[in-house]
Amino acid sequence: MKRRLALLTVSLCAVTALPAQAVAEDTHLEGRLPSGAAYTMDVPAAWNGTVLLYSHGYTPAGQANPARNAPDAPTRDELLQEGYALIGSSYATTGWAVTEAVPDQLATLETFTGRFGPARRTLAWGTSYGGLVTTVLAERHAERFDGSLAMCGLVQGGVANWNSTLDPVFALKTLLAPDSDIPLTGFADETAARTAASELTAAVDAAQRGPQGRARIALAAALHHIPGHNSPAQSEPAPDDRASRQANQYAAVRGLVQQPAFGWRHEAEGRAGGNPSWNTGVDYTALLHASPLHKEVTELYKEAGASLRADLTALNRAPRVSADPAAVRWMRRTSVLTGRLTDPQLAVHTTGDALIPVAAESAYRRAADAAGAGPLLGQAYVRAPGHCTFTAGEMVAALHTLEHRLDAGRWDTAPDALNARARQADPAGAARYAAYRPAPYPRPYDLAHPADARS
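Take the sequence shown: its letters are residues -22 to -1, 1 to 433, numbered as in mature numbering (1 follows the signal peptide of the UniProt record, and there is no 0).
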């Protein structure tokens, strides 16, 4: 879709509320907030009165960090065609930037209101790490929003995320490199984190060449609920094709080691002032038995002629990782969710997500139900491999489903209804919503459960 845009670049240090203003033509605004974060806004001439505040996903330190107001260009173009105003910021910093992202997103909304006047309806939405930012906005600044949409979101919260990221690398080090001194937390600097990632990656690569090593990699994948079909680049294996499923898990485990488990962790630990995760007291036998991948692991060990019981005993006897209490408190204060929604939130997730496993949705369901906000939380699932691999139609359908809840006072998240909305928004795109129930999250942690809050 080609649209005529009037490009206005502004830099505002203060925002004064103005009356609602008519938009004579499609308007594009770019500028910087006092924090230094960039923002971008698109307002169509036929604005329908709804503004969508988009929170983008995780940007690793050192990478480009532009302002974004939609997940991708096709979704942006469709929403502008439908009359929505789209706004969003870059956040002032990269990495685990929730302490900058939340105020920067609120300041972006203030800037929009100062320029265009109050919206009829304001919705927060975001993808991946932006799903966490969106949910923090919804829980802590509910007065600013009418509803929220978290897509492929890190809605298990920060402590649960880092605990669950620790488990697979702990298993890999213990079983594949037991005599190494590879650190899993508390890296001296970025170079040390990269070196640790490289050393563990080499051990994983070597293990993949033998059947026992492949079984052990599958065990590590099962602790993180990494599915056997987790990328659109992979052909979907048959249900009994364990070899292909394990090969797909190996690729995802390798990616987990190379980025989140070391480099991204180092950045987050720097913010938290130490290690915010632990595995003291964890029973890895119980954790595996609760995994939806338990059967696959068991069969791979049998085929390899290896002892799963011996490896689980080794994991349960290995020296554990303890958290730094001050770092846990920082993560709990900034990045752990309460479940206390006061407006509707719709969460959607792909079922084949290796980066933020679909079980994250079970973690937030646990929190919302415990906080008494369960009826406000709608959840829907796209049966597809990969992280945030939604079509434009599927994302627009999710937005329209949230709006239906706001207008009708009830959820209509049946897959047929969502797929009909997706096909209407994007007739040429896939519509893959399906009935699905994720497994419980391996180690949930939220502020709605007193035992979590005390840890």
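In short, the hints are calculated from the structure, not lab data. Hints should not be assumed to be uniformly reliable.
Stated by the list, open to error - Simulated restraints on C-beta separations: (1) Pro44 x Asp385: 32 to 42 Å; (2) Arg187 x Ala412: 31 to 41 Å; (3) Asp4 x Ser222: 26 to 36 Å.
Virtual Cβ for every residue (Gly too), placed ideally from N, Cα, C.
Each hint, compared with the structure:
no.	hint	in the structure
1	Pro44 x Asp385: 32 to 42 Å	34 Å, holds
2	Arg187 x Ala412: 31 to 41 Å	36 Å, holds
3	Asp4 x Ser222: 26 to 36 Å	48 Å, violated
Hint compliance for this structure: hint 3 alone is broken.
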